[in-house]
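K.L.:
Letter by letter, the chains look like this.
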Amino acid sequence: MKTVVPARAAWSSVVRAGACLTITDLHGNQAVDFLVYDAHDTSVRYSAPDTIHAQGGIFLTTGSVLMSNEHTELMTVTADAVGRHDTVGGACSKESNTLRYGHHTFSQHACVDNFLAEGARHGLGKRDLVSNINWYMNVPVEKDGTLGIVDGLSAPGLSLSLRAERDVLVLVSNCPQINNPCNGFDPTAVEMTITEAAGA
Amino acid sequence: MAATATTYGARAHARAQEGAHAEAMPVVPARDWPAPPCEAGLLVWAETVAGGNYTHRVLARGTELRLTDLHGDACAHLLLFAADRPWERLNVADTVKVQWNAYLGEGVLLLSDQGRVLASVVVDTAGRHDALCGTSTLVRNTGRYGDGAPQSASPAGRELFKLAAAKNGLEPRDLPPSLSFFQGVRVGEDGALDFTGSAGPGGSVTLRAEQDVTVLIANVPHPSDPRPQYVSTALEVLAWRAGPTRPGDPLWDATPEGRRAFLNTAEHLTARGLA
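For the protein sequence lines, the chains are B and W, in the order given.
For the first sequence, the UniProt record's numbering assigns the number 1 to the initial residue and increments by one for each residue that follows.
For the second sequence, the UniProt record's numbering assigns the number 1 to the initial residue and increments by one for each residue that follows.
To be clear, the hints were calculated from the coordinates, so they are not data collected in a lab.
Since the structure is predicted, the reported quantities are computational estimates derived from the model, not experimental observations.
Heads up, some of the hints might be wrong.
As the list claims (entries may be wrong) - Covered stretches of chain B, as calculated for chain W (at least 3 residues, CB under 8 Å): (1) 79-89; (2) 100-109; (3) 146-157.
To be verified - Computed spacing ranges between beta-carbons, pair by pair: (4) W:P228 <-> B:A189: 45 to 53 Å; (5) W:D32 <-> B:G63: 52 to 60 Å; (6) W:L42 <-> B:E142: 34 to 42 Å; (7) W:P226 <-> B:S43: 26 to 34 Å.
Just so it is clear, CB atoms sit at the ideal spot from N, CA and C, and this is done for glycine as well.
With the hints as extra help, turn the sequences into a complete structure.
P.N.:
Written as structure tokens, this is what we have:
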């Protein structure tokens, strides 16, 4: 199954255990905000701190295991052409944008709205939204703790692949942010490909 | 016949315990705390939380909350919710991203997911804290210490948070990533984490509630604590009536992001008739 997610749009799908989800950055430098839940018990969901702690670092790449809030495995990064993805920055929201840039940004598109709308289709509400992964987003941390979203390391056509370690529900907001370099100030489309496990 | 074989005897035995003292206990009323950090009548919460235990309280806007690592092996895992409106809650990602810093310390605002301040860090004498690793879980503690259940000898932070949440009408789905105080982590250039441990006995952090907040605290070892034993010592919790941050306070204007967060908070409270 192959789907192009347009700039600023949301997407979701169940990915069966053993199946592979490939996310392709079609035009380069596009942040893909990503949440993942146990498809059969959505109270078990991606945990940024458990993932960071389990792998001993804040960047995701090949071999990284996405851990749940109960410290169980949800998905594993099996291939990554970029080398560094963000676990710290979370999603843009209309509310946090008023702090980051000013109140004039309140009417702009934001990822939390995508997550709320797409999540509602699966019975998820506001309390089900937690700190998420930002695929392709580059957020370094300086010695003094200073962190920020800087120019991405991705390029047109680069992709990463994730294997589902159990049946999972994936929520994506193809980030509409236009105030920081997470997508070069110009949101573009990405492609989602689900490949079922052999014999499934 | 034993003294407690009758209802009268059992009642007398229970009542004879009043006035007993343990290291870890709430002092009620709080003004009876032996060494108050302020005028005794201003104290609203005075408690020593045992290692491997939890506590929770609803605090009014303007209350200051001081956490102290008494013996050097406390780790205060903390969650905040807007009291009576728990869908507005601590957002660790926004807290670090909006303020351009991964580390907690004096002057840091603990932000909600609604672009507002729940609490601010007004004093920090410890300097070893963590916003990245969250707390421990049943699965992890069972693997590491043999058990992680709340009644075991090595309770997991998430299990204690679930209990504290339940006592406030909240469910596991309401628990976002948490912060931890008194056990530090630093990030290397390559993103790898370095656990820096505790600053030693006596370190303290004072938070100021900028809205009415529900506070959940689990005092359990940091998940990165490398020691094979479960080491968790007492946490002192004192809170007293003070005032919220107002325009003119240096903290209000310390950063443009923080100023807008305080402005959003003031607008929200004013609209509700609360400020």
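K.L.:
Look at each hint and say if it fits the structure.
P.N.:
Hint check results:
Under the rule that three or more residues need a Cβ within less than 8 Å of chain W, the assignment of the segment 79-89 of chain B holds, with 3 such residues. Against chain W, the segment 100-109 of chain B contributes 3 residues with a C-beta closer than 8 Å to a partner C-beta. That satisfies the three-residue criterion, and the hint holds. Residues of the segment 146-157 of chain B with a Cβ under 8 Å from some Cβ of chain W number 4, which satisfies the need for three, so the listed coverage holds. At roughly 50 Å, the beta carbons of P228 (chain W) and A189 (chain B) sit within the given window of 45 to 53 Å.
Between D32 (chain W) and G63 (chain B) the Cβ separation comes to about 55 Å, which falls inside the hinted range of 52 to 60 Å. Between L42 (chain W) and E142 (chain B) the Cβ separation comes to about 40 Å, which falls inside the hinted range of 34 to 42 Å. Taken as a hint, the range 26 to 34 Å holds for the pair P226 (chain W) and S43 (chain B), whose Cβ atoms sit roughly 30 Å apart.
When held up to the earlier numbered hints, the structure conflicts with none and fits them all.
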